[in-house]
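Number of protein chains: 2
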Amino acid sequence: MNHFFKVKTLEQVEALADQFSCVSVEKVPITDSFFRILAKDIDATHDIPGFRRATMDGYALHSGSTFGASESNPAWLEVIGSISMGESPSFSIQSGQAAKISTGGMLPDGADSVVMVEHTEVIGGGSAALTGADRDKSAVSYSPTVEIYKSVAPLQNVIDKDEDFKKGDKILKSGTQLRPQEVGLAAALGICELPVYKIPKVGIISTGDEIVPIDEIPQLGKIRDINSYTLAGLITEAGAIPIQYGIIKDNEEALLNACLKALDETDMVLISGGSSVGNRDFTVNVLSSLKDTEILVHGISISPGKPTILAKSGKKPIWGLPGHVVSAMVVFKIVVLPFLRQIQGLSSCKTNDSSILIPAILTKNVASAQGRTDFIRVRFVKQLDINLKYKYQIFAEPILGKSGLIRTMVMADGLLEIGENVEGVERGDLVNIIPLRTLD
Amino acid sequence: MNHFFKVKTLEQVEALADQFSCVSVEKVPITDSFFRILAKDIDATHDIPGFRRATMDGYALHSGSTFGASESNPAWLEVIGSISMGESPSFSIQSGQAAKISTGGMLPDGADSVVMVEHTEVIGGGSAALTGADRDKSAVSYSPTVEIYKSVAPLQNVIDKDEDFKKGDKILKSGTQLRPQEVGLAAALGICELPVYKIPKVGIISTGDEIVPIDEIPQLGKIRDINSYTLAGLITEAGAIPIQYGIIKDNEEALLNACLKALDETDMVLISGGSSVGNRDFTVNVLSSLKDTEILVHGISISPGKPTILAKSGKKPIWGLPGHVVSAMVVFKIVVLPFLRQIQGLSSCKTNDSSILIPAILTKNVASAQGRTDFIRVRFVKQLDINLKYKYQIFAEPILGKSGLIRTMVMADGLLEIGENVEGVERGDLVNIIPLRTLD
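Order-wise, the sequence lines are chains P and G.
For the first sequence, the working numbering gives the first residue as 1, with consecutive numbering after it.
For the second sequence, the working numbering gives the first residue as 1001, with consecutive numbering after it.
Hints listed in this document are in silico derivations from the structure and should not be mistaken for laboratory results.
The list that follows gives simulated cross-link-like pairs (lysine-lysine, DSS-like), each with its CA atoms no further than 27 Å apart:
1) 166/P x 1402/G
2) 306/P x 6/P
3) 201/P x 1027/G
4) 1173/G x 402/P
5) 1382/G x 382/P
6) 306/P x 1161/G
7) 382/P x 1173/G
8) 1382/G x 333/P
9) 1402/G x 170/P
10) 1006/G x 1333/G
11) 27/P x 1201/G
12) 306/P x 1150/G
13) 6/P x 1150/G
14) 1382/G x 40/P
15) 1333/G x 382/P
16) 173/P x 1402/G
Work the whole structure out from these sequences, hints included.
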């Protein structure tokens, strides 16, 4: 027997995400860890950079030796050596002394700052000044004098030994996505492998007697399978692996077998089509008949996407998604994605305000039914802003069209969410858009 | 002999991108085409969906038969059949007739609309009404009557045969990035393989006597190689393949050989470190000594990142990037990326206003030198907005810290660009932030 919708709100559905646990952990070389989710807190095992480094080419010295120095009243310091790159200086600096240093070089004991080469001039000693024309790579063994035209403060033009990270600092939290800079930080600590959550697999089952594989020419009345591909793309974009289980005819036994196989082989299953309450909508029956499976949701107060099913089979979520192409994509982005984030181990999925939205000015009035959250496809139109600081203003133009039209998603740059207690938004309103584009 | 900086503006550098041509084209299965760049225009080879489809469960009919129908004054229509899913109906509809249809079903000739099952009731004929309780899957052979309580307009609750795409429509342009919906559209047309630009390879050479591989414990004065990893991550994020050529000591011959190998094997080369004008900065000499190579840029009026070199070797760009971790990342994002987009074949890289920026309110005054474009690291702070429509307001908090500190990039969510003619931005100003986060 079919159920009728017992519609839940978006918030009620989102609150169910923490019923599902995340995938297990593996270690990967850091070159394979980009955009993976870290599975363990990482603390700094030592200071970084570990020694006091120059950030400029110039002279290492004690800042006190330069106080009061100016163009008209330079400080005169004795150049007692030159610091080889990558080596620990064998000498220390006293007041009144300086040592030639390049960017990244290690300051000698006694030196607390670097004066830029542009603010110095070597006099006497017969050596060339330290400029671009100076190609002498040998260590400086003479003791010429350097004139300093500008005073420096303590720690000026240096990075102190624990200025980047201090031993014991909590630097990366479990559940963080590893951007290039987080991986760079691991590299700095000498971490060659990182513990990350495994990449989840997501199964896709397409249903419907009218659906044919894309390499077939559909007979009149049939259409090619689009949702297997749009969903695979959304899964890929989210950093998971899509597994396609093909097209299942409207037949409960065939769908049951496909679900069992997909549940066995993947971490989450999507069934496209047949999720409503009509006489051809078998998904809820099939899910009800699965062992150890509970229907958590049938019907969500969103548009498009109302006929959505969420079941918990063992510890895995299995979804019935609407068959309309736009509805299936919107439900994935809005409803399914937070659950996938949970399975991936991303910690920020637990806070629902984490998405980056693009503010834009609406170009048309959009009405919305109360008691339902609407997601309106919009196209961005950019207009140069007269004020140079802002570069341009983004306008959001609603795209009209039925939720069965893939064209409307191809035109769309984002989705406008209109909350369930809002009757509509007006032309000229500043709205926040959920972006649907990734590059550029 | 070293050069001195002949500083170019960011705009002058960006204008050089079209000197480089894009990679060659390959065909890939559409399941491998997500986020690749399309290399050919695609036109619709036929109408989509190709027939008039129902978007609701209900009755297919001629809209004229329902005009004036209401709860108190229903229209009575003869049910002459039921349409099997995925099949072309063998009958046509006359005025006063209707046929049972499910979502996605093909309308018979003569029917121009569908009335939702919720607005109907079958009377007489002994059959159950078309509700969730109706499990009869066999074709309807009797002729009961259906009461229609609501009129429908022509084409209501249907998608017309060419409503998604019309044969001959230009649907996808060469140079477009293929999102899930663009691939879905190809699926709808039965395109199983797509012509896309090859994935470019980008070589990374790290230089400096003070740099050691990450699996070594650095002696005092040395640090581990960070830039090879941060740059590899940025290249991966951009959809290209990073190839690491290891660490080259400060030695012109070794660097020359590494450049020759990398230029031979990749589409673009990045050299980290040694790009300035000091006596240890060999990059520009090595690039000058390469055959068929022209130095296009040495020095850009940006901060961080001024000591950046761009050379054209044959048809390939080869970059000298500053060694400071933050500078190298910022230069990649701001300067190198548009060139990579050009090589990837992405057409929108030719318009510089295509990036999505996040408007935010600045929390502190930030000064900036005139004649130089500054990129300030910022952290997002979100605050719930009282107005429900907007969800929250984003604030941008500048991160202070030297450009040698990877920590500051780990803290950062984005970059604030301050144009060369702007003296600074003030607390409370609305600014546009270049995002540095990808997920969530």
